[in-house]
Amino acid sequence: SQTIHQWPATLVQPVGSPLSLECTVEGTSNPNLYWYRQAAGRGLQLLFYSVGIGQISSEVPQNLSASRPQDRQFILSSKKLLLSDSGFYLCAWSPRGSNQPQHFGDGTRLSIL
Amino acid sequence: GESVGLHLPTLSVQEGDNSIINCAYSNSASDYFIWYKQESGKGPQFIIDIRSNMNKRQGQRVTVLLNKTVKHLSLQIAATQPGDSAVYFCAENMRATGKLIFGQGTTLQVKP
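Order-wise, the sequence lines are chains A and B. The first sequence begins at 5 in this note's numbering and counts up by one. The second sequence begins at -19 in this note's numbering and counts up by one.
Keep in mind that the hints were calculated from the coordinates and are not lab data. Keep in mind that a hint or two might mislead.
According to the in silico footprint, chain A covers these stretches of chain B (three or more CB under 8 Å from chain A) [claimed, not checked]: (1) 5 to 16; (2) 21 to 35; (3) 79 to 92.
To be clear about the criterion: a stretch of chain A counts as covered by chain B if any three or more of its residues have a C-beta under 8 Å from a C-beta of chain B, and this derived list gives those stretches [claimed, not checked]: (4) 47 to 55; (5) 102 to 112.
Keeping only pairs whose Cα atoms sit at most 30 Å apart, straight-line, the calculated DSBU-like set for lysine-lysine is [stated by the list, open to error]: (6) B:K79 / A:K83; (7) B:K22 / A:K84; (8) A:K83 / B:K22.
All values reported here derive from a predicted model rather than from experimental measurement. Note that CB positions come from ideal geometry on N, CA and C, so glycine has one too.
When you get a sec, could you build the whole thing from the sequences and use the hints?
Shown next as structure tokens:
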């Protein structure tokens, strides 16, 4: 069966520090991969998605970037974190093809001080 | 613009009763819909999905109804249990983009 892993589960970082969140998927090949941010009490905002290695689409202008160095690895990064980057970050995967559900990891709670 | 929204932010039900969570969508081009359950501190968990060529789909204790005429989606949970307490999100898949758009969520509280 397929599984998705995100780490770390929680992270506290000072303003201006760099960020690297990692997401890996097991048990499938060529997945679509996604990064979302969820503000407290709010819905999910799509940040990036990828349909293949090295292929990244950005949904909103922001202080973050994403990379996909391997088929089942998706990384969310920042060179300098802002206070507004605080939130709950979720990685998801879906099979290729239309009308497929996305399956989420358990997220990373990021607090910027 | 297109949006997916939920009619009520919080729904409180008695244990054993049936729950109905509603969702309105505005994009008539959406062809696929999903319900997710999110427990505190966890990622959303897939519950059930439905394609636009259907108007009803049943799972274990859950039923999703789709009314394309009024662009309405609902999730029915039979015999609601304390473990059903969570935030429920509907999501629509926009055919042109293949991306999911999520609603803001409804909190389901189950009273013992």
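Kindly indicate which numbered hints from before are broken by the structure, ordering the numbers from low to high.
Violated hints: none at all, because every hint is consistent with the structure.
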